[in-house]
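S.K.: Given next are the chains, with one letter for each unit.
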Amino acid sequence: METATFPGFDVMAIREKFPILGRQLNGRQLVYLDNAATSQKPKAVIDALVHYYSRFNANIHRGIHTLAEEATAAYEATRVTVQQFIRSASPEEIIFTRGATEGINLVAYTWGRTCLGEGDEVVLSGMEHHSNIVPWQMVCQEKKAVLRVVPVTPTGQLDLEAYHRMLSPKTKLVAVVHASNSLGTINPVREMIAAAHRAGAVVLIDGAQSAVHLEIDVRELDCDFFVFSGHKVYGPTGVGVLYGRKTLLEQMPPFMGGGEMIREVTFEKTTYNDLPYKYEAGTPNIADTVALKSALDFLEQTGKDRIRRHEAALLAYATEQLQAVKGLTIIGNAPEKVSVVSFTIENLHPQDIGVLLDNQGIAVRTGHHCTQPVMDYFRIPGTVRASFALYNTFEEIDRLVAGLQKAVKMLA
Amino acid sequence: MMESVKSMRETEAEIVEAFSLFDSWEEKYEYIIDLGKRLPPLEDAGKKPENVIKGCQSTVWLVADYRGGRVYYRADSDAVIVKGLISMLIQVLSGHTPDEILSARLEFINEIGMMNHLAQTRSNGLLAMIRQMKNYALAYKGAGVNENGRHE
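Respectively, the protein sequence lines represent chains A and V.
Note that my numbering has the first sequence beginning at 190, numbered continuously upward.
Note that my numbering has the second sequence beginning at 291, numbered continuously upward.
Everything labelled a hint here was simulated from the structure, so no lab data went into it.
All clues stand as given, with none of them false.
If you only want the chain A side, here are some residues facing chain V, beta carbon under 8 Å, derived:
| id | residue |
| --- | --- |
| 1 | N215 |
| 2 | Q540 |
| 3 | D541 |
| 4 | V544 |
| 5 | L545 |
| 6 | N548 |
| 7 | G556 |
| 8 | P570 |
| 9 | G571 |
| 10 | M599 |
| 11 | L600 |
Under the rule of at most 25 Å between Cα atoms (straight-line distance), these lysine to any residue pairs were calculated in the SDA-like manner:
| id | chain 1 | residue 1 | chain 2 | residue 2 |
| --- | --- | --- | --- | --- |
| 12 | A | K515 | V | D368 |
| 13 | A | K598 | V | E320 |
| 14 | V | K327 | A | V514 |
| 15 | A | K595 | V | S314 |
| 16 | V | K337 | A | E535 |
| 17 | A | K598 | V | K327 |
| 18 | V | K337 | A | D565 |
| 19 | A | K232 | A | Y242 |
| 20 | V | K337 | A | R568 |
| 21 | A | K598 | V | G403 |
| 22 | V | K338 | A | F567 |
| 23 | V | K344 | A | L537 |
| 24 | V | K318 | A | L537 |
| 25 | V | K344 | A | V323 |
| 26 | V | K344 | A | Q561 |
| 27 | A | K598 | V | M404 |
| 28 | A | K595 | V | S310 |
| 29 | V | K318 | A | N215 |
| 30 | V | K318 | A | R588 |
| 31 | V | K327 | A | D547 |
| 32 | V | K344 | A | F567 |
| 33 | A | K598 | V | D313 |
| 34 | V | K327 | A | P570 |
| 35 | V | K344 | A | M327 |
| 36 | V | K327 | A | E535 |
| 37 | A | K598 | V | F312 |
| 38 | A | K359 | A | M327 |
| 39 | V | K327 | A | L537 |
| 40 | V | K337 | A | M564 |
Glycine included, C-beta positions come from ideal geometry on N, C-alpha and C.
Model the full structure from these sequences, guided by the hints.
M.R.: Here it is, written out as structure tokens:
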């Protein structure tokens with residue numbers, strides 16, 4: 190067993206901040222390795238939710254009373270924190286959504302329905318989450334636009350030559366995942382964005398998996414849209430972020446109509462509010478948005494570079510140790526990966542492995558991970574996926590390997 | 291093929307007794323895995339898309355025959371633990387009349403401590419499996435089909 194730690198990165202002290210990690214399952218200490226599905230929450234986030242409802246719950250942006258002002262200030266403070274977190278030019282470019290999925294749908298319904306026409310092309314990759322496939326299928330069907338798919342290679346990377354050949358003046362949008370949830374692959378999005386822009390296309394980056402692991406700088410990436418979910422960055426469920434380039438957000442029509450998104454309403458005509466409120470109709474998810482700030486502050490304080498080093502060490506250790514399991518094949522061997530390891534074991538169904546790991550207190554994900562095209566490409570029904578977060582330890586990877594050995598023996 | 295049929299409660303009691311001998315989760319699952327492996331595989335003809343019960347992760351195929359007023363089930367799955375659970379359902383339900391099947395409460399699942407497993411219905415499709423077994427019983431009961439006929 191290896192116990193490498195980095196100066197100033199005390200994983201045991203970090204674990205103390207996550208109450209759920211103390212849970213016992215089936216008499217064993219919980220080993221939570223399903224972080225790509227959702228991350229656990231530090232006490233600061235849980236406390237922020239309680240604090241919000243205990244101290245200053247009010248509807249935002251309209252009240253003149255103290256609570257409304259405090260709630261509004263807290264909500265808008267998160268917007269500024271998000272802006273800094275992804276280094277966008279201004280807080281107006283940060284739209285709060287329910288999650289990454291809603292962000293993609295917002296762009297598909299507003300930008301997609303006004304900017305796509307018959308014969309236009311939308312380029313996706315073969316490793317997209319269903320959330321970055323279905324909304325585009327829906328709008329392409331309506332607008333008679335065409336979906337093009339960048340193929341995946343046997344190592345679980347994108348075929349970039351094919352991508353470059355695919356781009357043409359017909360390409361109106363490239364929507365691509367930054368880091369794959371089922372393979373772990375980090376895609377070379379900067380290069381892909383530059384190429385798309387040369388072809389005159391707009392680019393949406395699905396950052397659902399990358400925002401928690403990688404430094405994000407939307408201006409340096411030069412993407413037009415970037416989406417992520419709060420619950421995957423140690424924040425609450427039900428809140429997410431859509432970053433949009435200001436010029437595009439200003440041109441696009443609103444997503445939903447209602448309160449907050451309007452400037453003036455008469456029965457003849459409604460004028461819309463300024464950014465970002467134009468896209469935030471109705472009372473938003475105030476409490477979870479307020480608590481999201483605590484999650485992002487926690488990430489910043491811990492240091493994304495140090496987290497990345499710890500997670501890279503976990504990934505390398507797991508990749509090596511898993512080789513000891515007979516018949517195990519890792520699916521996705523890109524040189525640049527986030528801390529996700531997906532695998533199959535010869536002649537065993539992922540679900541059987543998942544059930545037997547669960548009985549040993551080990552939580553992994555099994556199945557197609559909402560990326561059926563990836564599973565079809567590798568001709569497998571699904572994988573077992575272990576995904577690591579900043580609070581995971583080398584000992585937990587040892588537990589995973591021992592748990593797998595046991596499962597293999599029981600199923601043999 | 292009208293063999294003497296045990297009552298459902300008798301079969302359930304036998305399963306519950308077998309499980310009562312197990313001290314650990316390992317023994318319990320090894321038994322289920324063994325049942326899964328011993329369930330005769332469904333022939334390829336039975337593994338047609340119409341017979342698939344959609345679960346989220348594993349594929350389950352279910353075929354029913356109606357003979358002499360009784361329903362006989364055969365099933366298969368690509369996941370062995372699910373197959374073991376199906377094997378127990380078949381042991382309990384197969385060979386009974388539609389009325390008996392429709393009124394079966396399948397309490398043994400709770401009694402052997404597999405209710406948790408069942409509750410994960412979205413991932414293993416077991417509840418969908420029970421529903422489909424009952425649907426067959428309902429169809430045979432309602433359609434008034436020729437009791438000597440073979441329906442799949």
